[in-house]
Structures are given as C-alpha cells and as structure tokens.
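Visitor: Protein chains in written order, with my numbering: chain A, 1 to 299; chain B, 1 to 326; chain C, 1 to 178.
Treat the hints as calculated values from the structure; they're not laboratory data. Glycine included, each C-beta is placed from N, C-alpha and C at the ideal position. Keep in mind that a hint or two might mislead.
[Stated by the list, open to error] List time: in silico EDC-like cross-link candidates among lysine to aspartate or glutamate, alpha-carbon distance up to 20 angstroms: (1) B/K223 - C/D63; (2) B/K137 - B/E106; (3) A/K76 - B/E156; (4) A/K129 - B/E133.
[Unchecked claim] Cβ-Cβ distance ranges computed for the label pairs, FRET-style: (5) B/A83 - A/K290: 56 to 64 angstroms; (6) C/P43 - B/G240: 51 to 59 angstroms; (7) B/A151 - A/G62: 44 to 52 angstroms; (8) B/G240 - A/D265: 55 to 63 angstroms.
[Said to hold, decoys possible] Output of the computed footprint for chain C on chain B, the stretches with three or more beta carbons under 8 angstroms from beta carbons of chain C: (9) 97–108; (10) 125–131; (11) 214–221.
Chain residues, written in single-letter form:
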Amino acid sequence: MELTIGPNQFFWQADIWREFNRNMAADAPVDRMVLGELVCSKRLPFYQNHIPEAVEQVQASGKAVSLTSLALVTLKRERNLTADLGEMGIEVEINDLTALAHIPKGAAFSVGPLVNVYNEGTLAWLAKKGATRVCLPPELPLGSVASLAKAGADLGMIIEVWGYGRLPLAISGRCYHARLHNRTKDNCQFVCGEDVDGLLVDTLDDQPIFAMNGVQTLSSTCANAALQIDILRDAGVTALRLSPHSGNFLAVCQGFRDLLDGRIDAVGLNAALLSEAPGGAFSDGFLTGKTGADWSGAA
Amino acid sequence: MMELVCPAGTPAALRAAVDAGAHAVYCGFADETNARNFPGLNFERDEMAESVAYAHQGGAKVLVAINTFPRAGAEEIWHRALADAESAGCDAVILADVGLLAHAAEHHPGLRRHLSVQAAAANPDIINYYASEFDVKRVVLPRILTVAEIAAINREIDVETEAFVFGGLCVMAEGRCSLSSYITGKSPNMNGVCSPASHVVYAEEGSDLVARLGGQMVHRVAKDDPVPYPTLCKGCFSAGDQTGHVFEDAVSLDASELIPALAKAGVSALKIEGRQRSRSYVAEVVRNFRAAVEAVEAGLPVPAGTLGALAEGQAATSGAYQKKWR
Amino acid sequence: MTQGPVHFPVFNPMLSRAVGLLPMMPLTLALSALARRISVRHPRILRRLAGSIDKRFAIDPTDLPFVLLMDFPGGTPRITVQRNADGADCRIAGTLSALLGLVHGSCDGDALFFSRDLVIEGDTSATLALRNAIDDAELDLSEEVASLTPPLAGLIGQFAAICERRTGLSLQRAKGGM
Chain A
1 MELTIGPNQF
11 FWQADIWREF
21 NRNMAADAPV
31 DRMVLGELVC
41 SKRLPFYQNH
51 IPEAVEQVQA
61 SGKAVSLTSL
71 ALVTLKRERN
81 LTADLGEMGI
91 EVEINDLTAL
101 AHIPKGAAFS
111 VGPLVNVYNE
121 GTLAWLAKKG
131 ATRVCLPPEL
141 PLGSVASLAK
151 AGADLGMIIE
161 VWGYGRLPLA
171 ISGRCYHARL
181 HNRTKDNCQF
191 VCGEDVDGLL
201 VDTLDDQPIF
211 AMNGVQTLSS
221 TCANAALQID
231 ILRDAGVTAL
241 RLSPHSGNFL
251 AVCQGFRDLL
261 DGRIDAVGLN
271 AALLSEAPGG
281 AFSDGFLTGK
291 TGADWSGAA
Chain B
1 MMELVCPAGT
11 PAALRAAVDA
21 GAHAVYCGFA
31 DETNARNFPG
41 LNFERDEMAE
51 SVAYAHQGGA
61 KVLVAINTFP
71 RAGAEEIWHR
81 ALADAESAGC
91 DAVILADVGL
101 LAHAAEHHPG
111 LRRHLSVQAA
121 AANPDIINYY
131 ASEFDVKRVV
141 LPRILTVAEI
151 AAINREIDVE
161 TEAFVFGGLC
171 VMAEGRCSLS
181 SYITGKSPNM
191 NGVCSPASHV
201 VYAEEGSDLV
211 ARLGGQMVHR
221 VAKDDPVPYP
231 TLCKGCFSAG
241 DQTGHVFEDA
251 VSLDASELIP
261 ALAKAGVSAL
271 KIEGRQRSRS
281 YVAEVVRNFR
291 AAVEAVEAGL
301 PVPAGTLGAL
311 AEGQAATSGA
321 YQKKWR
Chain C
1 MTQGPVHFPV
11 FNPMLSRAVG
21 LLPMMPLTLA
31 LSALARRISV
41 RHPRILRRLA
51 GSIDKRFAID
61 PTDLPFVLLM
71 DFPGGTPRIT
81 VQRNADGADC
91 RIAGTLSALL
101 GLVHGSCDGD
111 ALFFSRDLVI
121 EGDTSATLAL
131 RNAIDDAELD
141 LSEEVASLTP
151 PLAGLIGQFA
161 AICERRTGLS
171 LQRAKGGM
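Chain A with its partners taken away, still in its complex shape (with noise of 0.2 angstroms):
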C-alpha cells in the first residue's frame, strides 16, 4: 500500500511550511507528496513562491508530487489560480470540480477528498475524464470503500483512503476564524494562523466536538485508520493518506510505513501517536463505526 502526504490544511507561517515539506521530502517514507493550498486563496501569497523549490525536493527524492486546487472556488482571483494550476506542468489533485474546467485534455489527473466520489458511475466518468487516482471521501463506510477500489481497480485506478489527521468535514464561503474575531472575512488579519491544528470547538458540556481552520471546519479528533489497515487492504484499496500536523511528523509517516511493511502493530502505533495527536483522541468510525467519530480501539 502507497503512503500520500496530503496537502496541509492549515495555515502555517512560510519558514515553517518550507522547512516541513523540505524534511519530508528528504526523510518520510512516503510515495506521494501532494502541496499547495486547500482551503483558502488568502493564504497563498505568504508561501507561493516557495513551491516550485518544494516540488523540487519532492521530485528530487523520488516521490510523486501533485498541486491541489482549492476546496471552494468562487472569486476571480481564485478562478485565475485554477485555471494557472492546469498549466503548471505538474499532476493537478482537483479538490472541486472546477480545476476539471481547466485541465488540459487528454492531461491525467488525480482527484481530491472533496470531490464527492459517492459511487462507480461517478468514478467511470472521472476515468474518462482522465483521473488515474482518486483519494474517496472520507464519510464512506467500508462498503462503499470496497465497490470503489474494485471498480477503480477494473478501471486502473488508484484508490486511496484518509488515514491519519483531523478530517475534513466541510468547507464554506464564510471565516469562523475571522467571525470568532468579530472581524469580516475580507480583514481577517490570518487569525486561522493562529492555531496549526485547528481551533477546537466544545459543545457547552465541554465535550470536544468539531476544530475551526478558517473556512474550513474539520473532526475535534484525529482520524486514524490504523487499526482498519487489514480490512482496508482486503477491499482492494492501494493507498493511505496522511495528513500533516504540528509536531513529529516524521514519526507519523515512519509509524505508518512500519505498520504496513509489518515491522509494528496497529496498537503500538497508536500508543506512540497518541500523546502528538490533535484533540488528544483518535477516530476511524466513518469505516465501520456507527458515527465518523467513534473510536474501534480502546478508549
């Protein structure tokens, strides 16, 4: 099973970011790196100069590189950096279907968690379309899952699966970051810099429930499909994603390369991932679970 680092969801200061794919190209045992901005236009300026390096170290160590468009495309500035992203010269993930306006034809792509790949028609026309790889939707249970990957398998498909890191959950028009702030979205100031993680959100029992990044709103814990590898690998599927945090994680993608080469188990690796998690708890109830948050392993 391939590894595939996601691109990061939050915003990072441009030191930092540089310094984390730097290291993760040259160090994480991964197969696939994807960069560039997901969630919000606004932020691409502090680091876009630095991704052509990026790609670079990433194309330099050996990995699969691919830019992802933006979640949610609405303004102008934001049609033109999709469109420009289809010229680029590299794999594009689309993480909404406008980037599919864009892409050359005949030109292969890779498609994004967002993109709502429900079911094997929706897949057969993404292949026609060019796509050769698609990361599902997180909120897919572990029937979908298995349909998906044989149908994407019968089809030369790639099929990937979210396997570690706060989930996307929805995206909007709207800035809780800049609302929280009592500041419109237009003079934000970057408050979503603040935190690298995500905001957490309560419910008023002080129960963690959702974390605010920006537009974006994603799980409270952090998704971790490690316990599940087995079943997944069964379903067909070919590749898992991580998807970047603060903190070690190197140790995350190391972690899970031993996992699948068999070195460590899915309960140790938990124990060593816990104390660096977001949110302090992990889920992986989308697959089998009744909710998206429930937990399959102790508690």
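Chain A is already provided as a structure; the job is to place chains B and C on it using the hints.
Guide: Showing chains B and C alone in chain A's frame:
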C-alpha cells in the same frame, strides 16, 4: 416574471403550493434518493404521477429532486428514480452527482436537467462545464454567494440560475458537509438527512431545556425560550475564549427584500426551502412570495415581510447575499 | 393562517373539569373507532407512518386533564384515554386548539415548535412521521365524526359540541384561507 419554485413534502403540500400560486413545485420520492428523506415525508410513485397531473392542471411545473449521491453498489435505486420521474411526467429532475448526471444525459436525454444546490457550483467555469458536459439547463446556486457575485456569474453563463430566497440556510457549501455523519452517522449526501430527528433528544435539565444530537449538546436554553432544532452548524458551542453560535446563529434565510436585486442580477427563478414544513406553511409563504414577485414585475416595492413567525428560531437573515455575512 | 403573533385559546378550566368527568372507557372506544375510521378513509396515513408503526404516541392536550395514547396493534390504530403519558415512546403536547390546528392544517408544526406552543419529547422521528402523515391527509374531524355510526358519533359529537360551545373552537376544518 421570475419563476417561483416552491417546496412540497407531501401531495397535500404540493396542492397547497399550486393553489397558492407556485409556478413550479419541487419534491422527491420517499426514499434515500432525495435530500429531504425525512420520516413520513415525500412521494410514493403513485402519488408522484397524481401530483404531476394536479400541478399541470393548475399550470405549474413539477421538478423532482434526485439530489443525493448514489450509494456504491446500489446506483440502480437512483437510476430507477430517474426513470420513474420521467414516466410520471415531471418537467425536470434536480441532480447533484456527476455519475447520475452522466447516466441521465445518456439514458434520459429528453428529461430536462437542473443542477442541484447540492453540487455547490459556485463559479461560471464549473457552471459552464456542467452545461457542456451534461446539458444542464438550470443551476441552483449555493447559498454562499453575494448578489454581486451572482450577477457576475450570470454575465458569463448561458444557463438559467435559481437562487434561494426563504427558509433553512446552509452555512457550509452544500453537498460538501459531513458534520452530520461525523456525529450521527447519517449525512445529507448519502442518506438525504442532516442532523436527523432520529438522533435528536430534547430533555429538561435543571431549569434549562437541552437539545442533543447524537448525544452531543447542541443547544441549552432557559425553559421558556424558543428552542431551535439542533442542527449542528447552528449549535451553540465554545471556541477559544468565546461561547456562542460559532458557525451560524439559529436563523433562517429571508431574502424577500433582495428580489429586485436578484432579478437585476439575472436570476431566473427563486427557490423557497422547506419540503419538511406543513402545507399551511407552504401556502402562506408561497402566497406572500407570489405577491412579491408580481410586485417586482410591476415595478413596485416588495410588500413588507410578514413571515417572521414561520422562520426557524423566529429570526431571519439575508445570509451570504450581503458580503458582511462572511 | 392568521398573521402576526398567534394566540391559542386555552381550554376553560370549568370545562376541563367537566370533560374530565366524562367516563374514560366509552371515550376510549369511541376515539379508537374514530381513529380506525380515519385510517380506513385515509390509508396513506398508515403508509406514511410505516417506519414508526411500532411506536406509542402520547397526544397531550395540556388544557385537558387526560392524554390520548395512540398505538397500532396489528397495524390498526387504537386510542386509549388515560391520565398521563406513561408507556409512550413520544409525547406531543400543546393546547387542544394548537393540536387541532395541526390536524386541520391551519398551523405549521415547526412554527408552533419554535414558539414553544408545541412541545415534543421522546422519539422525535416518530413524532415527525405522525405530523407529516396527518398533514398530508387533509383531515376534517367533523366529517370524520359524521361518518361514524350513530352511537359513537353521538358520544364524540357531544364531546365536540361542548368544546365548540365553550371555546369557540371548531372541529371543522376552515376552508380556503388557511
């Protein structure tokens, strides 16, 4: 005149809407193929055929929403819904899933296709792409755009646009939200429900009334205060050092005063949310909006709003149509 | 529906006591017969309730001293008049006029709920199914009562007549301007 597209959760509500002046009514089959798959709601096959006949007799169109995302391994259920909508004589289907759009374009080429709000097509590039790929004739716009953005979109596209003017308000891009399934296991995309009633518990705790969804506290109000339905994105939570409605207040959309601006922005049809509401609600809202649309057509101001008591939490917002909402 | 704030008449306490003195057993039989008759004349109610047919619904007119417990043994409706909501999966409580407004489609359940004129407890899903099934049926209780056989119709008619006289509430559905 702008087309008034009105909700119907039952045949009785459809008749009420047609009688109250709806130009078109949208509804769905009683199963997971539509995004209001609520208990006791929606149309069996025989009811759909009867209702289409009633609407047509009254000069109204029927648009059938098949706007969830077909389940892998079970697409046949959605394909059958398409075929049955066509044979019931409906005027258009409202679809969100690209696989289903492709199937409809191939197997039901004569069946008019609208793009559901659940596809959240939010810019001219993607709208034009849907139009060219699937011959979509109308796009229901997501509730995250300003009037100015809608006007800009309409300048760059050839298909019709439909905009929500009243009722429930999604603050997230529609069709791209899993908050509900994260907490309850049931989602709009897969099951046609959001924050479903089956997972709601109201309970008195001390001097408060508490509304929980899937065990999570979403609202706590004093016993005699209005209690909103525990929809996750409109819950009262805390984040940082603040407590409140961190995503959206418990309000619903009322853009009636923006009808002239929407008309000027090139919007063809106005949509009223609320297939889960009663026939009396539908009748009253439709009557008011028909009067408003006729006033605007005649160059008169929109009659002052009288719909406050029908709104969720009894407060209304003009939502994203005004930029400060963001 | 009237515009602006809606005020629901509260059942006169004197009358409430008088109704409370009515014998429970005959009322139970008569209301069950009425419910059965309605379900036969409007078969789509049961079709809409299919997912909740195993539930017990407490319909609680808060200005009357009893609760109507409705269930569906063998798929047939039965109404038991009792003092409280014991044994129910869900409870729908409001003034008699608000509850009748729901049945007759002159009120919107969500709006009543938002304004706290209607309180629901327990199985929200079953409550919704019942609300939607009744809303679709376009019932007129006076017509339904009239369709019963004379002794039963007589008993319910008597009950209804007291209500109408004392509160101005009509069991007949308003036509036209809902």
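Visitor: Can you confirm whether the C-alpha distance between B/K137 and B/E106 stays at or below 20 angstroms?
Guide: 15 angstroms, holds
Visitor: Is it true that the C-beta distance of B/A83 to A/K290 lies inside 56 to 64 angstroms, as the hint says?
Guide: 33 angstroms, violated
Visitor: Do the beta carbons of B/G240 and A/D265 sit within 55 to 63 angstroms of each other?
Guide: 38 angstroms, violated
Visitor: Taking the CB of B/A151 and the CB of A/G62, does the distance hold inside 44 to 52 angstroms?
Guide: At 49 angstroms between Cβs, range holds.
Visitor: Mind checking the alpha carbons of A/K129 and B/E133 for me, to see if they're no more than 20 angstroms apart?
Guide: Since the Cα atoms of A/K129 and B/E133 sit roughly 11 angstroms apart, the hinted pair holds (cutoff 20 angstroms).
Visitor: Three residues minimum, CB to CB under 8 angstroms: does the region 125–131 of chain B make the cut for coverage by chain C? Let me know.
Guide: Per the Cβ count (0), the hint is violated.
Visitor: For the region 97–108 of chain B, do at least 3 residues have a Cβ located nearer than 8 angstroms to some Cβ of chain C?
Guide: It is violated, with 0 qualifying residues against the three required.
Visitor: Hint check: A/K76 vs B/E156, CA-CA at most 20 angstroms. Holds or violated?
Guide: 12 angstroms, holds
Visitor: For B/K223 and C/D63, compute the direct alpha-carbon distance and say whether it is at most 20 angstroms.
Guide: With a Cα-Cα distance of about 19 angstroms, the restraint between B/K223 and C/D63 holds, given a limit of 20 angstroms.
Visitor: Per the coverage rule (Cβ-Cβ under 8 angstroms, at least three residues), is the region 214–221 of chain B covered by chain C?
Guide: violated (count 0)
Visitor: Okay, C/P43 versus B/G240 on CB: inside 51 to 59 angstroms?
Guide: Given range 51 to 59 angstroms: holds, Cβ gap about 55 angstroms.
Taken one by one, the earlier hints fail for this structure at numbers 5, 8, 9, 10, 11, listed in ascending order.
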